[in-house]
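**Student:** Can you build the whole structure from these sequences, using the hints too?
Protein chains in written order, with my numbering: chain A, 1 to 735; chain B, 1001 to 1189.
Hints were generated in silico from the structure; no laboratory data involved.
A few of these clues could be false.
Short, incomplete list of chain A residues facing chain B, as computed with Cβ under 8 Å [stated by the list, open to error]:
(1) Ile41
(2) Pro44
(3) Tyr45
(4) Tyr46
(5) Ser47
(6) Ser134
(7) Arg135
(8) Asp167
(9) Pro224
(10) Phe230
(11) Leu265
(12) Val269
(13) Gln270
(14) Ala274
(15) Tyr288
(16) Ser289
From the three backbone atoms N, C-alpha and C, an ideal C-beta is built for every residue, glycine too.
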Amino acid sequence: MAAELGKLRARHWGVTPVLLLFFGLLVSLYLLSSATENSAIIGPYYSWLLLGNALGLLLLAGIMGYQLYRLFIEYRHRRAGIRLTLRMVTMFVILAVVPVSLVYLLSVQFLQRGIDSWFDVRIEVALADALDLSRDSMTGLIREKARTTLKLAESLTDTPTSLATLDLVDMRLTSNADEITLLDTAGRVYAFSNINPEVLLPNAPSELIYSQLRQGYPYLDLEPIENEGFFIRVVIAIPDTINVITGEKRLLQALYPVSERLNTLSQSVQSAFAAYKELSYIRDDLKYSFILTLSLALVLNILAAIVVAVISARRLVEPVRILVDGTQAVATGDYDKRLPVTTEDELGKLVRSFNDMTQRVAEASQQAQESREAAEEEHAYVQTVLSRLSSGVMTLNAGGDVITMNPMVARILLDREVDLIDKNLDHIVDEYPQLHEFCNCLNRHLKAGETEWKEQLVLLNHAGRQVLVVNGGLLSPEQGREGEHVVMFDDVTDFVQAQRNAAWGEMARRLAHEIKNPLTPIQLSAERVRHKCLQEVEGKPREVLDKATHTIIDQVEAMKDMVNAFTQYARSPELKLEALSLNRMIEEILEMYKGEASGTEVTLTLDRQDMHISADAGRIRQLLHNLVRNAYDALQQVENGRLHVVTEYDPQRSLLRLVIEDNGTGFDEKIIDNVFEPYVTTKQNGTGLGLAIVRKIVEEHHGTISVKNQPQGGAQIAISFSCVDTLVQGKQDNG
Amino acid sequence: MSRVFAYFVFILLMVQPFVSQAKSEVFAKYELQLSQDEVSLLLDGDISFNFSKAALEALSNGLPLGIETEISIRPTSKWYWQRAISAKVHKLEIRYHALSQHYLVRSIGKDYPESFLTQTSALAALGEIEELALIELSRLDPTEVYEVKIQATFDSESLPVPLRPLIYLSDKWRMASDWTYLGWPLEMD
Chain A
1 MAAELGKLRA RHWGVTPVLL LFFGLLVSLY LLSSATENSA IIGPYYSWLL LGNALGLLLL
61 AGIMGYQLYR LFIEYRHRRA GIRLTLRMVT MFVILAVVPV SLVYLLSVQF LQRGIDSWFD
121 VRIEVALADA LDLSRDSMTG LIREKARTTL KLAESLTDTP TSLATLDLVD MRLTSNADEI
181 TLLDTAGRVY AFSNINPEVL LPNAPSELIY SQLRQGYPYL DLEPIENEGF FIRVVIAIPD
241 TINVITGEKR LLQALYPVSE RLNTLSQSVQ SAFAAYKELS YIRDDLKYSF ILTLSLALVL
301 NILAAIVVAV ISARRLVEPV RILVDGTQAV ATGDYDKRLP VTTEDELGKL VRSFNDMTQR
361 VAEASQQAQE SREAAEEEHA YVQTVLSRLS SGVMTLNAGG DVITMNPMVA RILLDREVDL
421 IDKNLDHIVD EYPQLHEFCN CLNRHLKAGE TEWKEQLVLL NHAGRQVLVV NGGLLSPEQG
481 REGEHVVMFD DVTDFVQAQR NAAWGEMARR LAHEIKNPLT PIQLSAERVR HKCLQEVEGK
541 PREVLDKATH TIIDQVEAMK DMVNAFTQYA RSPELKLEAL SLNRMIEEIL EMYKGEASGT
601 EVTLTLDRQD MHISADAGRI RQLLHNLVRN AYDALQQVEN GRLHVVTEYD PQRSLLRLVI
661 EDNGTGFDEK IIDNVFEPYV TTKQNGTGLG LAIVRKIVEE HHGTISVKNQ PQGGAQIAIS
721 FSCVDTLVQG KQDNG
Chain B
1001 MSRVFAYFVF ILLMVQPFVS QAKSEVFAKY ELQLSQDEVS LLLDGDISFN FSKAALEALS
1061 NGLPLGIETE ISIRPTSKWY WQRAISAKVH KLEIRYHALS QHYLVRSIGK DYPESFLTQT
1121 SALAALGEIE ELALIELSRL DPTEVYEVKI QATFDSESLP VPLRPLIYLS DKWRMASDWT
1181 YLGWPLEMD
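**Tutor:** Written out as structure tokens, the structure is:
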């Protein structure tokens, strides 16, 4: 702001040199004009004045050119206020130039007519007549003096040259001459007498006069003396006097003064005639000279008008330009812009008001900025909290469009990062059919407009059976979210499964405890009855007894196996974790089953890196037994049975994946979703605990398990374990 | 196009002094001799001036014509730009006196103007120089070689003021002779 004020002050000072130059040139032009009229005083400086004016005008033209160039540059850069400045400059220049030009044209015409009117034929004739009259008057005087001189010359006819000096003095006195000289046609002076005794040499006649006298003509004429009037010169040959020695004629020259009055009058006529003649001769030049002065004045006015117009327009527009700059700055968001107050007039008040306004806007903007930052911080905090939640949270409008969601929504529903924002529930169903049940549930509650609701859903998707607890509610209008719903849901599949496992475990433990204890006495009693009574009865009763006791013993044995299986399922032994090669363990187990089903083709595709997992060897061995047994059971009714065991390492997730595939009958679609539940089996003699134990072991090792039927037939069970390195790393991180 | 115009102006500016010089060469013809008496270095002879028609017409109409004659003496051993030991400007003037129908001539070395009946005799008298003392011999070094040069220039300041702007723009009034060397180099006896 201080810099801008400095610039403004500099611009104000910039007018002063221009005005000084203008007035200097005005004075110079006045002197130039005066020189024409009064050439005696100013005339000697005329050339310098003309040069000074030309240089001054050039300087002014340079300043004007610079100012116009600046205007042009500002126009090209579309500087604020330039159009208004140009309009004002144009207006000022027109206002200044048009009247001055009119005055100039009128002055030129007036000047030409005025100067022409000085010259009149009658005056010229009168002056010429006056000159002739003066000449005639002088001619009479000259003739009179010629007669006098002739008489004097005749009186010298018989006077020897050597004796003439005294006579010349008398002659000068009697004839009232200023000087009388005796000389010859060769220019030799014999004697002379002058009224002034200090004059040592006579006023000798010119060669032309001698020439005239040699031809026998006397010379009598009026001769001028510079600024002192005239004198009359008469030169006459003395009759009958020829120098015997030189052969030259003797001459008598007399110089007569002209009376003072006649001198004055003649001088006056001469001066007037000479001045008129001179003026008449330089008439056109005089006009040009005055027109030149007028033209210089016109150019000076135009140049000064343009320069002053540009500077004045700038000064007038400056506050407006500053205001435009200010408003543009405010428009671009710069509320700290403060404008310099250059004047105390209305524009100054406007600038002050603008400054007050921008200050208030800046304060309001600052507050808004702080509020926005606080809101953003709050939003970021909420986003962080939501992103850390294990629950899925989303908001939807009444039409079913997703407005916001946290990452867990997609992770729970689709097991990957997917952005569902701005998508409608119907479109989501089209894109992800497995979410049909979930979207239906939301649509139903949204349409019902329930203020608060809760529902448990069972979905069949990527993870198999998934149990969700979904809570929803209508956002209140006070929160500015009218018609919007917030939905929060949790994946409780593991929780439900854990509860179910716990229940099954408890049931198995009680079953084992309540059933296993009476089984042994039953078996022993049956064996005793058989031992004691079988030999005592014959015939049909013997057969019946034998069959019944045999059945009792077999069924009790079977019940024992079943109870053992339940015991095993319910048991949660402490795991002895160690780094285990899953590949080696698979090879060991399959080696044991080699001779069991010779018609089954077993193929192994094991991971070459042989990544180790952290696991209890006994439990993993049981897991593999159960799975391989299950597969062999499924392949008993199939010709060309194939069992394919695969291990593969996923370096990105650091997981070792075990896949067991067969081309058996596969799982019944009715039970496939509950195949890992206890007592779910389609086998005649199965306990329904094999796969339940498998899942239990997988969960004990924090792995995941899934099952599916293959399109070409047969089942596929996939299990994932974390590799040792990852576990070690995880422990270190947690520690 | 503008470049061609710039070249044209440049050539005009370069040639202009030579053109002016060619015209001014005939303005004055010198028939001058240097001599010396016991005291001074003397100049004798005639200068014939060749005025332009415009100048002679102005003279006939009563305008005075002035000439400035500069005579300079400098040793040849000094650099060209060093000052001359003598540089005198003599002002000559001729004017017409209508009433007496005489020409008044103020020539070099004359205290008073002389009057002449005809323009020819007046112009002839204008350039007459009789034993004009240029410099005392005592100021000259006998071992030095000197150059004496003369230049005559029409004195435009002698004309009336209204004519002067025209004079600055017109060739007709630009009358001047080149520097003319008299008896160069002048060797002292």
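**Student:** Compare the structure with each hint and give your call.
**Tutor:** We went through each hint and held it up to the structure:
1. Ile41: Violated, because the Cβ-Cβ distance from Ile41 of chain A to chain B comes to roughly 11 Å (cut-off 8 Å).
2. Pro44: Constraint on Pro44 of chain A satisfied, holds at 7 Å.
3. Tyr45: violated (10 Å)
4. Tyr46: holds (5 Å)
5. Ser47: Interface hint status for Ser47 of chain A: holds (7 Å vs cutoff 8 Å).
6. Ser134: Nearest chain B Cβ about 6 Å off; hint holds.
7. Arg135: holds (7 Å)
8. Asp167: violated (28 Å)
9. Pro224: For Pro224 of chain A, the interface hint holds, since the closest Cβ of chain B sits about 5 Å away, which is under 8 Å.
10. Phe230: The hint holds - Phe230 of chain A has a Cβ within 8 Å of chain B, the shortest such distance being about 6 Å.
11. Leu265: violated (11 Å)
12. Val269: Holds. Min distance 7 Å.
13. Gln270: holds (4 Å)
14. Ala274: holds (5 Å)
15. Tyr288: holds (7 Å)
16. Ser289: Status holds, d = 4 Å.
Consistency with the previously given hints fails for numbers 1, 3, 8, 11, ordered from lowest to highest.
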